[in-house]
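Chains A and B, in that order, give the protein sequences.
According to the working numbering, the first sequence is numbered sequentially starting from 114.
According to the working numbering, the second sequence is numbered sequentially starting from 15.
Derived by calculation from the structure, the hints in this document are not laboratory data.
Be a bit skeptical, because a hint or two may be false.
As the list claims (entries may be wrong) - Computed Cβ-Cβ distance ranges for the label pairs, DEER-style:
#1 B:30 with A:210: 31 to 39 angstroms
#2 A:262 with B:78: 30 to 38 angstroms
#3 B:142 with A:193: 42 to 50 angstroms
#4 B:85 with A:296: 56 to 64 angstroms
To be verified - Just so you have them, the derived chain A footprint on chain B, three or more residues with Cβ under 8 angstroms:
#5 48–57
#6 94–105
#7 134–147
#8 161–174
Stated by the list, open to error - Computed list of chain B residues with no C-beta within reach of chain A, every gap over 10 angstroms:
#9 20
#10 22
#11 45
#12 80
#13 81
#14 82
#15 131
#16 155
#17 178
#18 182
#19 183
#20 189
Beta carbons: idealized from backbone N, C-alpha and C, even for Gly.
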Amino acid sequence: MVEHPDTNDPLRALEGEVEPPVLLEARVRRTLRARRLLRGRPWATRRRLAAIAAAAVIFAVGYAAGRAPSDAGPRPEGGTRYALFLYEDATFDTSVPEAELVAEYSAWAAELDERGQLEVGEKLAVEGVVLQRRADSVVAGQGAAASEIGMLSGLFVIRALSEAEALRIARTCPHLKYGGRVAVRAIVET
Amino acid sequence: MTETDDRALVNAVLARGDEGAFSALYARHTPALYGLALRLTGGDHADAQDVVHDAWVRAAERLGEFEWRSALRTWLSGFVVRRWRELARARRRAASVPLADAPVGVEDRKRQGTFDRVLLEQAVAGLAPGYREVLVLHDVHGYTHEEIGALLGIEAGTSKSQLARARSALRAALGPREGG
Chain A
114 MVEHPDTNDP LRALEGEVEP PVLLEARVRR TLRARRLLRG RPWATRRRLA AIAAAAVIFA
174 VGYAAGRAPS DAGPRPEGGT RYALFLYEDA TFDTSVPEAE LVAEYSAWAA ELDERGQLEV
234 GEKLAVEGVV LQRRADSVVA GQGAAASEIG MLSGLFVIRA LSEAEALRIA RTCPHLKYGG
294 RVAVRAIVET
Chain B
15 MTETDDRALV NAVLARGDEG AFSALYARHT PALYGLALRL TGGDHADAQD VVHDAWVRAA
75 ERLGEFEWRS ALRTWLSGFV VRRWRELARA RRRAASVPLA DAPVGVEDRK RQGTFDRVLL
135 EQAVAGLAPG YREVLVLHDV HGYTHEEIGA LLGIEAGTSK SQLARARSAL RAALGPREGG
């Protein structure tokens, strides 16, 4: 492989590496375990995974694909899905390297996933586009992440048996200890 | 990242089914594989996840056959490309997506930064699959024409000519741009 030859090439705006969704690795490993290609030591490796993932190039993209893995682990029967929206503002502790944050958040999400309570876990890009219809055309503007309570920087969808349980889970989210806010909203199944 | 590290990890997976070693391999290579899949699928994250999942599973099944004649990542990328091609064939996605369908107003195309990247993503996604593969592998991921030839089963010279046509198509899709 060679370095990109033209530094003025607009294609440089397209990152070669894109951080995959948190749940994808669990999905791959479950398949490989089922095919006896891996012999799991899940908890020993999850922590290690988080540390390694944090060292990787992080290019957060703002998409939640919304497709639950087809071979997802056991989930609690019943219950409700709750969306946890993570916000941060100028008071958010920026002294912690992003790699460490990603590792900590990933470990937290992995624990939920292990219990079958995590459906989506995504970091959202700072950049975003807002589309709005005006007259005869759709116009685009920036500021998709901004809101009155800060910048929307992450999204989790969890499953809990009650709002109290959802709040208990949300209280353990590492985002809070760094000064971020977590908004908990029940998902209305239609 | 060194080949020695990859070899040690691969050997641990082959010998013991070592999940920790697999996790290290996964963390090391998946951002590049996911980025590749994302470009090939035209930015479809759900498809990209399926492609990368299947690529890793197939690669793990054939890990013992890898002869280290290329970098491990190049070998893994081959699984991504082949799985994407299967998916594209199955869904008859040969037709390109016209830029006219992009959900944005013409008057906004002068915006810079994020919006430029959005346009670029759309333009790349709108290339014919053959052009997109070569352009993404060469210009985004830095593979040589020889490596691309091996990955796609074409001659290096074909890769070069495809790249030239892909760049030309991309320029045409993006149109004249103010300020260069």
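In this structure, is the beta-carbon distance linking residue 142 (chain B) and residue 193 (chain A) contained in 42 to 50 angstroms? holds (45 angstroms)
Is it correct that the beta-carbon of residue 183 (chain B) has no partner in chain A closer than or equal to 10 angstroms? Correct as stated: the minimum Cβ-Cβ distance to chain A is 13 angstroms, above 10 angstroms.
Is the claim that residue 189 (chain B) lies outside the interface with chain A correct, judged by CB distances over 10 angstroms? holds (13 angstroms)
Would you say the stretch 48–57 of chain B counts as covered by chain A, given the rule of at least 3 residues with C-beta under 8 angstroms? Three-residue rule met by the stretch 48–57 of chain B, so holds; n is 5.
Minimum Cβ-Cβ distance from residue 80 (chain B) to chain A exceeds 10 angstroms: Label holds. Min Cβ-Cβ 14 angstroms, cutoff 10 angstroms.
Do residue 262 (chain A) and residue 78 (chain B) keep their Cβ atoms within the hinted range of 30 to 38 angstroms? About 53 angstroms separates the Cβ atoms of residue 262 (chain A) and residue 78 (chain B), which means 30 to 38 angstroms is violated.
Once the closest CB in chain A is found, is it more than 10 angstroms from residue 81 (chain B)? holds (18 angstroms)
Test the statement that residue 155 (chain B) is away from the interface with chain A: the closest C-beta pair must be farther apart than 10 angstroms. violated (5 angstroms)
Please count how many residues of the stretch 161–174 of chain B have a CB within 8 angstroms of a CB from chain A and say whether that reaches 3. This one is violated; 1 residues, fewer than the three required, reach chain A with a Cβ under 8 angstroms.
Minimum C-beta separation from residue 182 (chain B) to chain A exceeding 10 angstroms: can you confirm that? holds (14 angstroms)
Does the claim that residue 178 (chain B) lies outside the interface with chain A hold up, using a Cβ gap greater than 10 angstroms? It holds; residue 178 (chain B) is separated from chain A by about 14 angstroms at its closest Cβ, greater than 10 angstroms.
Taking the closest pair, is the beta carbon of residue 20 (chain B) still more than 10 angstroms from chain A? holds (13 angstroms)
Consistency with the previously given hints fails for numbers 2, 4, 6, 8, 11, 15 and 16, ordered from lowest to highest.
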